[in-house]
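Asker: Given chain A, work out where chain B should sit, using these hints.
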Amino acid sequence: MNDGLSTIEQQITSDYKYGFTSDLDADQAPKGLNEDIIRFISGKKNEPEWMLEWRLKAYRHWLKMEVPEWANIKYPPVDFQDIIYYSAPKQTKKLNSLDEIDPELRRTFEKLGISLDEQKRLSGVAVDAVIDSVSVATTFREQLGELGIIFCSMSEAIQEHPELVKKYIGSVVPMTDNFYSALNSAVFTDGSFCYIPKGVRCPMELSTYFRINAQNTGQFERTLIVAEEGSYVSYLEGCTAPMRDENQLHAAVVELIAMDHAEIKYSTVQNWYPGDKEGKGGIYNFVTKRGICAGVHSKISWTQVETGSAVTWKYPSCILKGDHSVGEFYSVAVTNHHQQADTGTKMIHLGKNTRSRIVSKGISAGVSHNSYRGLVSVAKNATNARNFSQCDSLLLGDRCGAHTFPYIEVKNNTAQVEHEATTSKIGEDQIFYCNQRGIDTETAVALIVNGFAKEVMNQLPMEFAVEAQKLLAITLEGSVG
Amino acid sequence: MLQIKDLHAGIEGKEILKGINLTIRPGEVHAIMGPNGSGKSTLASVLAGREDYEVTGGSVEFLGKDLLELAPEARAGEGLFLAFQYPVEIPGLSTINFMKTAVNEVRKYRGQEALDAAEFLKLMKEKMSLVNIDKNLLTRSLNEGFSGGEKKRNEVFQMAMLEPKLAILDETDSGLDIDAIRIAAAGVNAIRSKENATLVITHYQRLLDYIVPDFVHVLYNGRIVKSGGKELALELEETGYSFLKNEMNIA
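Each protein sequence line maps, in turn, to chains A and B. Under the working numbering, the first residue of the first sequence is numbered 1, with each subsequent residue one higher. Under the working numbering, the first residue of the second sequence is numbered 482, with each subsequent residue one higher.
Mimicking PhoX-like on lysine-lysine, the simulated pairs with C-alpha atoms at most 20 Å apart in a straight line are:
1) B:K499 - B:K707
2) B:K486 - B:K707
3) A:K470 - B:K581
4) B:K581 - A:K454
5) A:K280 - A:K74
6) B:K499 - B:K486
To be clear, the hints were calculated from the coordinates, so they are not data collected in a lab.
For reference, chain A alone in the conformation it holds in the complex (with noise of 0.2 Å):
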């Protein structure tokens, strides 16, 4: 590197720590998609008829599709027949307590640090922990019961709550929606259900964790939320990943819906392996993500730290349907080495008197590149729809990209959308006043950081905006020397 580079362009050297394998005997579906798989994933799980239907129907669809090229990633096509479609790690019965769990995935929880018992007795948030395929552990759902509230993976939620899965699944995510989507619909293979009743207000965070371990597996989850009139519920995922040379494939699938006066918080902190310092390896991470404002007055908010993958494609959105229903995205991404991320939102406003609110910060290092795309559309009907949209891009050295690609379609001459946007770049002279005060340029770094994405981190679970601001910082350590 050159030396004239200076103090900004050097320090991109963190090592992922969460790049640990697990050890776990699995089971797994031979290599390759085809309707054999797609019956075979349903078979492990015991399904109902109509619900391998819907997967074939998928499937069909999906055969006839063609993969998205209009976002600004660049990556190497994917071969989905190179992919294991179900990969679960062994166990041979059903636990009836979290005291039964394979030693070795708990070691692995452990290192992930989400010890499960640990995370029941002192944090009092519920937790989904979904391993490659299937979800391994879900605690505090007995006291959760006894409000009503039901929070189990999807695989037991298709088993025990079928008439809500059938009606909601695919109601704001068709499966024909896009190519990832589609996928997603014919091989998911496990996730998060979660119902609040009538207005309960969920005393506690419901929280998922993602992991994929198992080599050459793609990881398929299918998150469904469900808040009825009045009822409130914060849901945060968290993901992480081995280091792999190879690429691995993340595809996932998350419905909200809200209805009168409900509201549904929704954070993610994203931290799959984003592939080493050369680019090589990584999850290619292509969600679909999407709430519906289903009732009047009713409110989603979707908060999200990206910091891990290769590349990243992922555009969490409400449809605001509802009379004076809000909707809200808060957006941290950042991207270090080779990573790409092309991200936003879409807020639809179709109801009368709806709002929405987009707050997006990307930072972008080494030679990275980050775009915000996001649509804001008002529809015919939408009277006095108001948006306010600010994405902000910082830039850490020279050699690293930030791009905004802002959408607007309105159709009420009542609508009131606003779009503020700015890019800076972290200073020399910001990072000498931080040093001059004794604090060294990583230090420093992480404060700068930080400081500008303080708008979205306030929007987390306390919990979770620290180890958010951690993450932070361990994503750009070495960015900056």
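Answerer: Okay, now just chain B, sitting in the frame of chain A:
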């Protein structure tokens, strides 16, 4: 405390300091005056360790250590503080958080335990009243949208928090009206002690009405050309810097 010997330094190959000699002992206040471009701010930057400047000769000893060998953050750890002429803005980072990190990093350097939240708050309250600064200012983003006076007062507050052995004030009076100068100077005076020293860099004499120096040095063309007591500042105020050119030419 500080011993500068025949210091040569420059930027991008251009020599700006051409042999500075200066000794500062504990308890002393030194003022460096001089016209624009004489090298005043360069001297401050070199002492604080700004990377853009290259030291080409001479030595600087600070409390028995070779200052020039130390990274900027280590210099701060050793007790060197620079009040910036243009304090830098960091959006989203409050002065409180900034100082909490700084104080604990400096403590770590000195092998002291980090302060917990309660101890930090206590220290902060003490220093706030010492330099007469409002808490609202400290909860806002560091220097963002601050007036000139607020920025300089914030610098003085940070100085109080970090309790430096040697404080360098780089043109702390620039851009301030007389009331703001008075407030900033009162803060600096409140921190003064027998153990620590202050180096005031200024273009104008007026700051020295409030921070009274023991020694005044005139910097011109990269060298200290004249040293004296506080009366030298008054003399300069009357005659201006033009006499230097004449003297130098004659010499």
